[in-house]
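Chains as they are written, first to last, in the working numbering: chain A, 177 to 483; chain B, 14 to 348.
Hints listed in this document are in silico derivations from the structure and should not be mistaken for laboratory results.
Pair by pair, the computed Cβ-Cβ distance ranges are:
#, chain 1, residue 1, chain 2, residue 2, range
1, A, 297, B, 94, 21 to 31 Å
2, A, 205, B, 235, 51 to 61 Å
3, B, 94, A, 200, 29 to 39 Å
Sample of chain A residues lacking proximity to chain B, with all beta carbon distances greater than 10 Å (derived):
#, residue
4, 218
5, 233
6, 237
7, 243
8, 244
9, 259
10, 260
11, 267
12, 357
13, 422
14, 442
The list that follows gives simulated cross-link-like pairs (lysine-lysine, DSS-like), each with its CA atoms no further than 30 Å apart:
#, chain 1, residue 1, chain 2, residue 2
15, B, 102, A, 391
16, B, 137, A, 391
17, B, 27, A, 370
18, A, 370, B, 137
19, A, 370, B, 130
Glycine is no exception: its CB is placed at the ideal position from the N, C-alpha and C atoms.
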Amino acid sequence: MPADRMPAERTAAAMVEPKAPPGPFAAFFRDFSENRAALVGLILLGLLVFVAIFADFLAPYSPIEQFREFTRIPPAWVEGGNRAFLLGTDEIGRDMLSRLIFGARLSLFIGLSVVVASMAVGIVLGLVAAFAPGWPSIVIMRAMDVILSVPSLLLAIVIVAIIGPSLTNTIVAITVVYLPYYVRLVRASAMQEKTRDYVTAARVGGAGTLRIMFKTVLPNCMAPIIVQAALTISNAILEAAALGFLGLGAQPPSPEWGAMLASAREFLQSAPWIVTEPGLAILITVLAINLVGDGLRDALDPKMRRS
Amino acid sequence: MPLLEISDLTVDFKTGGGQFRAVDGVSLTVDRGEILAIVGESGSGKSVAMLAVMGLLPWTATVTARTLAFDGRDLLTLTPRERRRLVGKDMAMIFQEPMSSLNPCFTVGYQIGESLKVHLGLSKSERRQRSIELLDAVGIPDPERRLSAFPHQLSGGMSQRVMIAIALACRPKLIIADEPTTALDVTIQAQILELLVSLQRETDTGLVLITHDMGVVAETAERVSVHYAGQKIEEQPVAPLFEDPHHPYTAALLAALPERATGKRLPSIPGVVPGQFDRPPACLFEPRCRFATERCRTKAPPRQGAIAGFALCHYPLTHGRPIGHPHPEGREVAA
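Excised from the complex, chain B in its bound form (with noise of 0.2 Å):
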């Protein structure tokens, strides 16, 4: 049975216009001592997906699954009580701007302690012990002066440390990282995925990444889903992803990496995600796609099967190349 357990989950926002659907039926597993990587552009309801399966959503939002399970606990039917005895010690989130997830009026040890004493109900010695404990474990040196720091009195990196310190005070079972290195610098980035990844390994955790980095999804997924404008398009591990990508978004965000760029200019992706009064009525990237043909235009794209990596699309690419196009000569993608 898998940690995380998601199938069709649809989140309808309210707003102004009308329904606005983040996330169109994704379905997503995730296994202890797994890491799971959500890449997309912005706007493609990855933070939204993990945010209704932590319950974080305003009241604007409707969540609706066919299965949405963790541990093998029903979170849809969760009444808000046992949610919050859940989430934050079985499930942990790490945020993507650490300056601004800690609380400025209190302490770095007094964060710590926080759900030390309601989760686990350790004594007032021990939470200290144990926050020391935590600090140590994330890096940041002389623990035992550091409890007594304010949150501006640390730099970004040192507050992602401390961010990650509270995600693990609890030994959760899951962690999802939304973005966790994106507002630090690059040097600092590693350090902070490397941490993330060799405490994800000592105590097999369950790890969720949320990024559109495909650097950092290189270096530290096993298997990745990728997402476009709240449908997920594709998943793979994350070797064969990036050898032989299966839908046309995806071959183009590889082929947009500057690593694999050929010629003097960057190949970009033209047009922007869809938004609420311009969604294509059937496949959702059908305006972007150099494949595109008038079934793209009115025919809403089939699951395809493991082989082709799950993908969302009529022509799924196998090397580059668009299976059962009608004119799939030169039409390679670039890379």
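Pulled out of the complex, with its shape left as it was, chain A reads as follows (with noise of 0.2 Å):
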């Protein structure tokens, strides 16, 4: 019975075999992948990454270059349409294609360094608030209530009346917005984590107060931070979005979604693809960052962890 015993054999190998524990990187993996739509959803953002990294090779055509003779172009695959267009083009002849492409990159770069600043200056802020009692974390906690205390869109709006619109004012104007989300959240965080008992024993240990806020504290409040900035990159897009819509955020020729929407919105009727396309490019992107988003809250978070 050799056949018999080959398997068994062959599972008492593998078993003498030891087996490594897993790493950080992949354990956090595991845990990130077992939510299948947040996999989708990680493939999707790779994708579009890569797309807004390598726009210069990959799009057909540049993004402003107008074809005159060839205005209002359906997709290839509709009637009437042409080869060289694949997603047709818009009311003054721009390629569709090349356009969307180019404005992954204008989308992701919004969404990223809204996050990144925000979070950066909430972090300090937050932590500042934490520690410092009396009239500086009343002052900033205030601010910050007076700052939530108005319409999301109307503060954005406002911010960008006043500096004027233009790309980057529209990301001033979006971090101001997201900046009491991530204020709250570290002052919470760091609060709860300040009265732990690590702390006092870092300042047995002699450190400062400095030292504490962002090498003691900080890195234990830095999970929900993550998912919360994970979670804002989809709206800070859909914000700025909303702002090249209502035509105070990048400026006509820039191929940016939401501009791009506001340009096209008279020929809904004869030409619909022209709003469409920018429109769904919009969805499929911040639907795949939130799927992201809450695969890692799932990942990150230690109560749904199993182990």
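Take the two lone chains, each set in its own frame, and fit them into one complex as the hints suggest.
See below:
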């Protein structure tokens, strides 16, 4: 019965082999990929990032080049489409595919820079609010309450209206809008961590306030902050698109998705693809980022982790 | 000159209901190589007094003292920078809850190395060497591998050993252990205490042991200071304290030990430690004291001499009999 013994021997040999425990990254990825939707989101997001980085090589044309004799050509698979313009052209003959590809770069850049800026400022303000009792804390938190009490899009519009419409100012405005969420999150988790014994132990070890703020307490507050960051990227992209749609964000020739939507509004009946395509691009991007954010939260939250 | 000298230490907390006095005129001294135990039930200000010495109280606390000196240096006039240099190097502290006393984000080796780097300025390889030595000294097997362990991978007893290693890292002159064994199970308690005492003997450090476990006191301490409601009510070397307690509270505490119980029921002290709003006007123990008289209710008790264990009482006990009490007959302590 050698055939029967073979598998048994093989499993025995496999068990003898020492199994290294998974590294922190491998363990994280295992937890993350348990959520199928998050994995799909990650793949989509990876694709988007790839497209955004290599836009110069992937896009068939320049995003602002106008082909005057080919205005409002429908996508290639629709009747009357042209193989040269896969997703059709817009009202002044610019290739939609190229514009969408370069738009991905803009949208992701807006999302990332808003998150990085509001996270950095929010962490500093939140930690100061948590560690400085008395007036600094009061001033910071009441200022955040004021920002929170104004509808976010309205506030962004007001800020952009004051400092003038442009891509950079859009980023500044959305950063201000998202600041309070970070400040409150950081302050709440820092206040909670601050009372733990290891912080007192660090003080016994002779650590100064700054060191305790950034080196002792901050790493222990990072998990919720990272999740918040992942979830804010998509909101920031949406908000930037909304500002672009209102004509207050990125200015016309630039292929920002929201601005593209706005300029094609009047062709909704005659050339629906000009409006639909940027809308779909926004939808897919936001959905992918939200799925990844959810998966990230599940993987990082120790309460939902198994072992 | 004693290593740590505290005289008339008072700590007030600003609370919603006004000032609350958590520590009231406490005086203590600790010498090099000595073990002083501070006992008392919860809320008697033992921990707060030691936190005041370390300068770890929140800003709502006001600390006043006639002297608060460590190794000849006045702790009250120290600048924050000087204090940081002193605390952690010459004075170390071990906490009650070992599982939360280590930073969950960093490895054991990193956390031991931190104070070595800051206070002693050792290089990376020296720090590693010394960390291994320390982990070995506190009885952690396979110290090289444990250096890269995270706190959640250690048990409570192991974490407390690591905390002791961190406390010992810079060869301090004084260690304050705030209920170091409360969160551990009984077998580990004995090991940790034994370890603390043997390391203390080896390095000739002063050790202040805050506890409410009389068994721990009897086993480890040389001198005992009994605290009640923020006041030091008695101080004696350990053997005479167990033999002949002078303050009624100490006597009642000892009588409540299961080992000393004679009847079917364990004797207990009725009532609780007075809080902010039910503070008695004169003697703080009077509402719970079986010897209390009218005098105890109206006149704050005097500090007795060394023979009566510095007891804070009108009628200090000798062998269970209150001295100077109007009706001493039939009032012997059950013990």
